[in-house]
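Line by line, the protein sequences are chains R and V. So the first sequence is numbered by the UniProt record's numbering: it starts at 1 and just counts up by one. So the second sequence is numbered by the UniProt record's numbering: it starts at 1 and just counts up by one.
These are calculated hints, taken from the structure and not from any lab test. From the three backbone atoms N, C-alpha and C, an ideal C-beta is built for every residue, glycine too. Just to be clear, a hint being listed does not mean it is correct.
Calculated lysine-lysine pairs in the BS3-like style (CA-CA distance at most 25 Å, straight line) [unchecked claim]:
1. LYS119/V <-> LYS346/V
2. LYS208/V <-> LYS247/V
3. LYS122/V <-> LYS143/R
4. LYS238/V <-> LYS145/R
5. LYS416/V <-> LYS346/V
6. LYS145/R <-> LYS346/V
7. LYS77/V <-> LYS143/R
8. LYS143/R <-> LYS119/V
9. LYS365/V <-> LYS288/V
10. LYS238/V <-> LYS143/R
Residues from chain R shown here face chain V by an in silico Cβ test under 8 Å; the list is partial [to be verified]:
11. GLY31
12. LEU64
13. SER67
14. THR102
15. LEU376
16. LYS380
17. LYS384
18. SER400
19. GLU402
20. LEU404
21. GLY408
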Amino acid sequence: MCWPSSKYSLRWRLAFSYAAVSMVVTALLTGMAVQTSMNKSMASQKEKSLSSIAGIEAAFSNSLISSLDPAKSAKQLGLSAGGRIFWLGPDDRVRVDGYGDTSLSGRLLPLPSQLQNPTATNTDIFDSGESWIAYTTTPLRIKEKSSGRLLLIQDLSSLRHEYDELRQRLWLLGGMVSIIIAALGILLADSMSRPLEELTGAIERVQAGKLKQSVPVTGSLETVALAEAFNKMAARVASLDEQRRAFIADAAHELRTPLASLQVLAEGINQNAGANPKELNAFVRQTDRLSRLVNSLLLLARLDNPEFHITKVPLLVTNLIEEAIWVIKPLAAERQIKLNIESSGEILIVGDPDWLHRALINVLSNAVYYTPVGGLIHLKAELKHSLAYIIIKDSGPGVSPEVLAQLGTRFYRPTAARERSSGGTGLGLSIVKEILNIHKGQLEFLSSPDGGLIVRMIIPVISSEVSNSVTTL
Amino acid sequence: MKNSRFIRPAMRGAAMSGIITAVIWLNQPLQLPFFNQLDATAHAQSVDTEQAPSLSELPGVNAIDFKGQGKLAFISKGLLYVLDGNTKEVKQLTEFGSALKPVWSHDGEWLAFKLVTDKNSKTGPLWLIRKDGTQAHQVQGLPGAVMTQFSWSPTSNTLTVSSEDGLWLVSTEGTPVQLVKTPNPFPSFCWSPDGKSLAYNISLPNEKTDTRDDHLFTVEIDAGKPVKRLQTPDTGIKLAEWQPDGKGLIFWQIPLHSASITADGVSLYCLQLDNSQPKLLTTGLTYKEWHSFSPEGQLLTVEGVDRVVWANKSLTVVNPNSGQQQHIANPNGYVAIDPHFSPDGKNIAYVAARNLGSDVWGFGKKDALKDWINSRTLYIASADGSNARALPVAGQGIYQPTWSKDGRHILFVKNKALWIVNIEGLKVEKILDLDSDQEEEFGFYGFISYEDYFSWYKG
């Protein structure tokens, strides 16, 4: 259905559509039913007329042989057949009229063309304007000799009345059905449009800034799915908005701290009319920290961009680990931390080597930072269920389950042993998490039974069919 | 799809058009051919199909010897035929039932006849048919089914029918019209020579049939207003003819309305239309077959009482205007019956039969009847009865001799067959067999009419 404009509501569109469809169906069915019924009635009537005329011909012929009055015979036979009988002579002129209309005596009846052949038995039904008339004719034979023909004329007004009544009743029934269907259409449209209206209201409220919205999950499967999707979306939007607010607040807080330090240092330098090396060193550290923080924020912003794309290539996990170890090894050595690497074979994944390298460096750096001097970092790669697991276990302080749940959250740092004084921005693991998300992977944190933190970087491996045909980095 | 902006609307339009077409087609009024013609039949009369009825086995007819004698309608095995003396063609007109009493119209174009539905009374509905067998139809709209007397107008194709409630005019087209309503059923009537009037009688209702008065009326068929001409107290009237000159009416008076008296002979009168008193002409039996007019209007008839034909019957020529009679002597020992004037009025033909006397009322032996029938001899004579001579060549058992138009032939009935005799060459030929089913040759005390079985239009 093509609507001229969108100003009509779904309710009225559905109601009108249902009514229109039901009217069309009614018209089609009514027409078909009436046509079929009448065709059968007409055929039946023609059979009756032919049967009647055959009986009349035999009876009339016998009456003439028995020397009965032809006019009386025609009248009586006509009455029994429910019609008017003419006896037309071989010249096709009226010899006897069962109705006794003397004005027709000896005259030619202007018969329809279908009945012009006097030697054929034939019947047809005509519309006289006021009624339907069946004309049936058959040759008359008296003692095997042709004696003209008989014409039976029957008024079928009852059949016409039946036809009109059938059509009226079917149309009346169809009209009532259409009204009922239209009413049901309104109810149905109402039930369909109400959730949409509620959804529209919720969306408008979201647009107005009230992000915590939910709509009733009722109605059809589609509307339930829509409501659930909306509710999930609204919850997600609200959560993201909450995270955004918290992020902004945290970022402002994180930025404000070094800026405040820089301000104090700057004021000190200004008052002392010069900076001593210690103050300058502190100034540089704060500036460096501020720079790292800004870089991390920019990195996260890039990762948050939905249009951010990475270049995925096949690569071996062992290569990834070796490169990361090569980078982190000096830092670990500086702190006398031992790196223990365990590999369970060649594991091929697909991903951006630079970003995965950065992620692994972040995790390892984090481990190095939180591992005490002379500690141990155990690094292991394994394949489970088509997933590559890169497991980094440090020997730092243990982590409570509550903290585990918060790890990876932006600007989150454990408040106890893993505190800010260690020099982190609180964004490193968040970056790792986002990088793995982009690779359809996961970042998991576990608490080691003997203390320390276990970080599991989970990355899907490449399929075996592909792996045989690729060149790795 | 690149062209979807055009194809989709087009498909939608086509679908909508299809649905609308289907709805309209399925819901259109039932398409029956229109025909409403039963009332409009007048124009159809001009169309004349010359289809003859299917032929049964034609009866044996001697058409050669009937050449030039006009047309003869006759009944054979219940079917009506026409022998055309000009074309020598025999045409079967009916193909069913039992036709009886064919009567030619004045112009020889139409025949009226009865279709017998009651064989005992020989009655049935009246039918009309053209000489070629077309336009046959039953005359409907008349009261009752018994038609006893009907007569064509002498100048038009209009038939007068005496029915149970009066006189009806029946034309070859259209609806019968009742001319007059009479209190008595089956009134007697006769046409005026100009075909403009009818004379008829009515019997006034009375508790006693023998004391009923009869009235004699004339009525113009166009004006329709009856004129009472005569009233006969306690006496019935049976009309015979209108005088050929149109001046008077010839009728019998039936004393006391008695059928018995009538059977034995009643008085024949003539009522001049300019006179209120009827004039007695003669006395005789009430057989119109025994009346014959000369071109001058002289009435040749049979006089004599007694119902038996073989006694007291002789011929007389009466002047209806003056009442003067000229008695014609019978051959010795014979009675004279079945008279007929020649076309020129100069000669007469009649049947002479042995006079058995009025004591004979029947025949104990069949041979005696045959002997009497065989005594029926064809005679011709001058109009005054002189020069009477038998025509033995015609044979015996003669009935209803009738002159031909040329006056040289006489058609007669013998042995239930029609014969023709050339009175100049005295040649006799059988024309055809009649369909008379009269097993009883006795008739009514010797009187038999064969008018039920043939009708001669002399042309």
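Now for the hints, and whether the structure bears them out:
Only pairs whose Cα atoms come within 25 Å are accepted, and LYS119/V paired with LYS346/V is rejected, the gap being roughly 41 Å. Taken as a hint, the LYS208/V and LYS247/V pair is broken in the structure, with Cα atoms around 34 Å apart against an allowance of 25 Å. Of the supplied pair hints, the one linking LYS122/V and LYS143/R holds, its CA atoms being roughly 22 Å apart against a limit of 25 Å. Taking the CA atoms of LYS238/V and LYS145/R, the gap is near 43 Å; set against the 25 Å cutoff, the hint is violated.
Only pairs whose Cα atoms come within 25 Å are accepted, and LYS416/V paired with LYS346/V is rejected, the gap being roughly 29 Å. A C-alpha spacing of about 49 Å is found between LYS145/R and LYS346/V, which places the hinted pair above 25 Å, so the restraint is violated. With a C-alpha separation of about 14 Å, the suggested pairing of LYS77/V with LYS143/R holds against the 25 Å cut-off. Of the supplied pair hints, the one linking LYS143/R and LYS119/V holds, its CA atoms being roughly 19 Å apart against a limit of 25 Å.
The suggested pairing of LYS365/V with LYS288/V is violated, with an alpha-carbon distance near 30 Å, which exceeds 25 Å. For the given pair, LYS238/V sits about 42 Å from LYS143/R by alpha-carbon distance, which is inconsistent with the 25 Å threshold. Interface hint at GLY31/R: satisfied, since its Cβ lies 2 Å from the closest Cβ of chain V, which is below the 8 Å cut-off. With its C-beta approaching chain V no nearer than about 4 Å, LEU64/R sits inside the 8 Å limit, and its interface hint holds.
About 5 Å separates the beta-carbon of SER67/R from the nearest beta-carbon of chain V, less than 8 Å, and the hint is met. A hinted interface residue such as THR102/R counts as satisfied when its beta carbon comes closer than 8 Å to some beta carbon of chain V; here the least separation is about 4 Å, so the hint holds. Interface hint status for LEU376/R: violated, as the beta-carbon distance to the closest one in chain V is roughly 66 Å, over 8 Å. Taken as an interface hint, LYS380/R does not check out: its beta carbon lies about 56 Å from the nearest beta carbon of chain V, beyond 8 Å.
Taking 8 Å as the C-beta cut-off, the interface hint given for LYS384/R is violated, the closest approach to chain V being about 48 Å. With its C-beta approaching chain V no nearer than about 62 Å, SER400/R sits outside the 8 Å limit, and its interface hint is violated. For GLU402/R, the interface hint is violated, since its Cβ never comes within 8 Å of a Cβ in chain V; the closest pair sits about 58 Å apart. At its closest, the beta carbon of LEU404/R sits 55 Å from a beta carbon of chain V; the interface hint therefore is violated under the 8 Å criterion.
Taking 8 Å as the C-beta contact cut-off toward chain V, the hint placing GLY408/R at the interface is violated, the least distance being around 48 Å.
Hints 1, 2, 4, 5, 6, 9, 10, 15, 16, 17, 18, 19, 20 and 21 from the list above are not met by this structure, while the remaining hints are.
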